[in-house]
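2 protein chains.
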Amino acid sequence: MKDKISIVGAGLVGSLLAVILKQKGFEVQIFEKRKDPRKSVLTEGRSINLALSHRGIRPLKLAGVYETIAPYLIPMNGRMMHDQAGELTFQPYGKEGQFINSVSRAQLNELLVVSAEKAGVEVYFDHKCSDIDFESNSISFENRENIASDLIIGTDGAFSAIRKKLQFTDRFNFSQYYIEHGYKELAVEPLNDNFRLAPNYLHIWPRGNFMLIALPNNDKTFTCTLFFPFEGDPSFSSLKTKDEVDDFFSKYFKDAQELIPDLTDQFFYNPTSSLVTTKCEPWHKNRSILLGDAAHAIVPFYGQGMNSGFEDVRLFVEMAENMNWEWDKILPSYSSQRKKDADAISELALLNFIEMRDHVADPDFLRRKKLESQIQERYPKEWIPLYSMVTFSDIPYSEALRLGKIQKKVMDEVLTLEESEVNFEQIIERFNALKKGD
Amino acid sequence: MKDKISIVGAGLVGSLLAVILKQKGFEVQIFEKRKDPRKSVLTEGRSINLALSHRGIRPLKLAGVYETIAPYLIPMNGRMMHDQAGELTFQPYGKEGQFINSVSRAQLNELLVVSAEKAGVEVYFDHKCSDIDFESNSISFENRENIASDLIIGTDGAFSAIRKKLQFTDRFNFSQYYIEHGYKELAVEPLNDNFRLAPNYLHIWPRGNFMLIALPNNDKTFTCTLFFPFEGDPSFSSLKTKDEVDDFFSKYFKDAQELIPDLTDQFFYNPTSSLVTTKCEPWHKNRSILLGDAAHAIVPFYGQGMNSGFEDVRLFVEMAENMNWEWDKILPSYSSQRKKDADAISELALLNFIEMRDHVADPDFLRRKKLESQIQERYPKEWIPLYSMVTFSDIPYSEALRLGKIQKKVMDEVLTLEESEVNFEQIIERFNALKKGD
Numbered sequence: 001m002k003d004k005i006s007i008v009g010a011g012l013v014g015s016l017l018a019v020i021l022k023q024k025g026f027e028v029q030i031f032e033k034r035k036d037p038r039k040s041v042l043t044e045g046r047s048i049n050l051a052l053s054h055r056g057i058r059p060l061k062l063a064g065v066y067e068t069i070a071p072y073l074i075p076m077n078g079r080m081m082h083d084q085a086g087e088l089t090f091q092p093y094g095k096e097g098q099f100i101n102s103v104s105r106a107q108l109n110e111l112l113v114v115s116a117e118k119a120g121v122e123v124y125f126d127h128k129c130s131d132i133d134f135e136s137n138s139i140s141f142e143n144r145e146n147i148a149s150d151l152i153i154g155t156d157g158a159f160s161a162i163r164k165k166l167q168f169t170d171r172f173n174f175s176q177y178y179i180e181h182g183y184k185e186l187a188v189e190p191l192n193d194n195f196r197l198a199p200n201y202l203h204i205w206p207r208g209n210f211m212l213i214a215l216p217n218n219d220k221t222f223t224c225t226l227f228f229p230f231e232g233d234p235s236f237s238s239l240k241t242k243d244e245v246d247d248f249f250s251k252y253f254k255d256a257q258e259l260i261p262d263l264t265d266q267f268f269y270n271p272t273s274s275l276v277t278t279k280c281e282p283w284h285k286n287r288s289i290l291l292g293d294a295a296h297a298i299v300p301f302y303g304q305g306m307n308s309g310f311e312d313v314r315l316f317v318e319m320a321e322n323m324n325w326e327w328d329k330i331l332p333s334y335s336s337q338r339k340k341d342a343d344a345i346s347e348l349a350l351l352n353f354i355e356m357r358d359h360v361a362d363p364d365f366l367r368r369k370k371l372e373s374q375i376q377e378r379y380p381k382e383w384i385p386l387y388s389m390v391t392f393s394d395i396p397y398s399e400a401l402r403l404g405k406i407q408k409k410v411m412d413e414v415l416t417l418e419e420s421e422v423n424f425e426q427i428i429e430r431f432n433a434l435k436k437g438d
Numbered sequence: 001m002k003d004k005i006s007i008v009g010a011g012l013v014g015s016l017l018a019v020i021l022k023q024k025g026f027e028v029q030i031f032e033k034r035k036d037p038r039k040s041v042l043t044e045g046r047s048i049n050l051a052l053s054h055r056g057i058r059p060l061k062l063a064g065v066y067e068t069i070a071p072y073l074i075p076m077n078g079r080m081m082h083d084q085a086g087e088l089t090f091q092p093y094g095k096e097g098q099f100i101n102s103v104s105r106a107q108l109n110e111l112l113v114v115s116a117e118k119a120g121v122e123v124y125f126d127h128k129c130s131d132i133d134f135e136s137n138s139i140s141f142e143n144r145e146n147i148a149s150d151l152i153i154g155t156d157g158a159f160s161a162i163r164k165k166l167q168f169t170d171r172f173n174f175s176q177y178y179i180e181h182g183y184k185e186l187a188v189e190p191l192n193d194n195f196r197l198a199p200n201y202l203h204i205w206p207r208g209n210f211m212l213i214a215l216p217n218n219d220k221t222f223t224c225t226l227f228f229p230f231e232g233d234p235s236f237s238s239l240k241t242k243d244e245v246d247d248f249f250s251k252y253f254k255d256a257q258e259l260i261p262d263l264t265d266q267f268f269y270n271p272t273s274s275l276v277t278t279k280c281e282p283w284h285k286n287r288s289i290l291l292g293d294a295a296h297a298i299v300p301f302y303g304q305g306m307n308s309g310f311e312d313v314r315l316f317v318e319m320a321e322n323m324n325w326e327w328d329k330i331l332p333s334y335s336s337q338r339k340k341d342a343d344a345i346s347e348l349a350l351l352n353f354i355e356m357r358d359h360v361a362d363p364d365f366l367r368r369k370k371l372e373s374q375i376q377e378r379y380p381k382e383w384i385p386l387y388s389m390v391t392f393s394d395i396p397y398s399e400a401l402r403l404g405k406i407q408k409k410v411m412d413e414v415l416t417l418e419e420s421e422v423n424f425e426q427i428i429e430r431f432n433a434l435k436k437g438d
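From first to last, the protein sequence lines are chains Y and C. Under this note's numbering, residues 1 to 438 are what the first sequence spells out, in order. Under this note's numbering, residues 1 to 438 are what the second sequence spells out, in order.
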């Protein structure tokens, strides 16, 4: 069991995967096109903080690196919603004690790369993959020697070089779809060395077709992100002057505006980035396979991009171990089994954008959430709300999506009733009947 | 009005477009990566004959080249269906006198290139586009000088180099989707210098999940094409020996097998090709635009690949003329108006595969067709069957698709009735009511 495994991309998924495969006894090397982030400045324009939850934590524990990472996490217990008048409403994410964790992408990535190196993985920065030969399992790099391997794993993100190469092979299905919204990050500095908003929440300013969110960082700053259409009114295109930006924030995000004295400067200095969903199939060819964003890049609205990538790592390694590391059987088997779950979280992430920006402030939505938590209290094993299935469980995404649709159907029916008519036993019976029907 | 226009791709669409733009007074040049087909052997593996119909003929007439092409066309009046016992059933394509035309891709392409040269277009073969700069409107070629233009038009097919370059620009939506079937061409030679099947039909051997078709060529051969799954049983994968191929054809295509003495040799010698649908948006960037397959490659089952590409040419030039050749306005306007029709013919082509291979032999389908032609006889302006709207009219594809879905709904209702209960006036009233409802 001394197969040589080459991983392309030293991002979150590639680094974590390297740690685990090295621990399993393989010879593992990672090739990363960027320079070593420990020796250079960070790249701009990528989401700075992420929300780590159950599906991401489990493989971190499996790799034995969770303890190293835990000190850098900031728990977020739920959504803190800001209405236009500045009024706050709290909405827990799950049951008492359930939370998600704000974490800096850059810090987490660095911790994982260090863990990989400590585990004995060779990490080569400044190695840009220029070509790959799927027949000989060989990777070419700009100005470097070619590398042959027993297994090549592409964890090189939404714009994967390995996937790009696969795209031009016969019968490779592929799509890239950009939503009509982009995003812009805005930094909220600390005040008197303290957070300027309550830190243990994901703050949301839902405004229908657009929204602002804020996540805490462990240097006591917040990163605000405006999700906003590229075109139309209002949109990134329609806000052309500092006065227009000022007026826009005064109208929609008055309380946030007050936290960012240099808001208009940041607005015009910081980049506007786009949001893509990519799908492809098959994820493998011969002895090469894609994992994480390279296989299925999703929009960030369910906080599951990194978590689904880490879950890929766990499921891939578990399946490989069960199949006795026979890559020629594992690769097609993994691809075909995991694909439906990647498609499901992709759909869930797009749907959750509409929920976050539009529905969360809706009285009907709040009644629905309240009723759902009452059902869950009475039937904790039978009714797990969709958000909890996705965020706090290992239920396959495709099953969560299926059950979520049934829950929605049942709740639509329940919401036509008066409060006094609601019967929880009937609700759970109806749910179980529909659940079996499939 | 002396803008310099560069067209990339001297295929059917590019050559026809060049003729018309040259006639409008522009300086037009075409760059083609292949060698001049008049000086070299033909490329293999592409569909040899195509079905030219109304939407393709109209722009050929506009360009004044139809008379040159007409002698090379073979009319096909309808489908000639071959069942497993060799029994034949004829199904007309439209009304009396309506037909589609079998034409050789290679011959038509050569005629159009010659027409372009005669019109004064400069045609450069052996010019492979290696890069394009959308800001400076400049094309780079392998081992050639760069070319700057006022307008660049990519008519370089389903695997367009221009589109590939667009794919890696921000916010470009793109998908490529391969169906599970491939195709293989098989040649039927003449017998005693005559056609071996009746020439004025498109012959179909519908067999459920797969089918064989045959189109006449003007050298009295037929080109048979087997559309067949890549995997499963039976499939291209499952037929491994000459005996297996023989047995398969004996069982399903006995009468066709008898026309091809060297069938098994051809089966293993000729390539198996895949079938892709591509979609993208937007089709333009700055002063560059995609037309034809480069913008919207479709499967061949509606015989509309070339026809939709030629219609692109007509609509693009008509719009450009109406907008006084102001490219900066024309390009976004054309893209946004034509896109829905490209999506519609793409969907129709996929649906028609199921109809051709599976439904055409169905008694229910035949009754539906017969009833429809009776409705059309009585209400020729109000009820045009879907196939006729697509093949013999200029009705936008998206409108044809919409009306076709309404027709299907009405016919589904009618087919539950006894023959004696059918009332044509009621049918047309129901159709008109549903039509307005949208």
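Just so you know, these hints were derived from the structure itself, not from any lab. Quick caveat: nothing in here was measured; it's all calculated off a predicted structure. Any given hint could turn out to be false.
Claimed, not checked - BS3-like cross-link-like pairs, simulated, lysine-lysine; straight-line CA separation at most 27 angstroms: (1) Y/Lys-2 / Y/Lys-39; (2) C/Lys-340 / C/Lys-165; (3) C/Lys-436 / Y/Lys-339; (4) C/Lys-164 / Y/Lys-279; (5) Y/Lys-279 / C/Lys-339; (6) C/Lys-164 / Y/Lys-128; (7) Y/Lys-285 / C/Lys-339; (8) Y/Lys-340 / C/Lys-279; (9) Y/Lys-339 / C/Lys-279; (10) Y/Lys-95 / Y/Lys-4; (11) C/Lys-128 / Y/Lys-165; (12) C/Lys-436 / C/Lys-370; (13) Y/Lys-164 / C/Lys-128; (14) Y/Lys-164 / C/Lys-279; (15) Y/Lys-164 / C/Lys-339.
Hints versus structure:
no., hint, result
1, Y/Lys-2 / Y/Lys-39, "32 angstroms, violated"
2, C/Lys-340 / C/Lys-165, "23 angstroms, holds"
3, C/Lys-436 / Y/Lys-339, "42 angstroms, violated"
4, C/Lys-164 / Y/Lys-279, "17 angstroms, holds"
5, Y/Lys-279 / C/Lys-339, "22 angstroms, holds"
6, C/Lys-164 / Y/Lys-128, "20 angstroms, holds"
7, Y/Lys-285 / C/Lys-339, "33 angstroms, violated"
8, Y/Lys-340 / C/Lys-279, "22 angstroms, holds"
9, Y/Lys-339 / C/Lys-279, "22 angstroms, holds"
10, Y/Lys-95 / Y/Lys-4, "44 angstroms, violated"
11, C/Lys-128 / Y/Lys-165, "20 angstroms, holds"
12, C/Lys-436 / C/Lys-370, "25 angstroms, holds"
13, Y/Lys-164 / C/Lys-128, "20 angstroms, holds"
14, Y/Lys-164 / C/Lys-279, "17 angstroms, holds"
15, Y/Lys-164 / C/Lys-339, "25 angstroms, holds"
Hint compliance for this structure: hints 1, 3, 7 and 10 are not met, and every other hint is.
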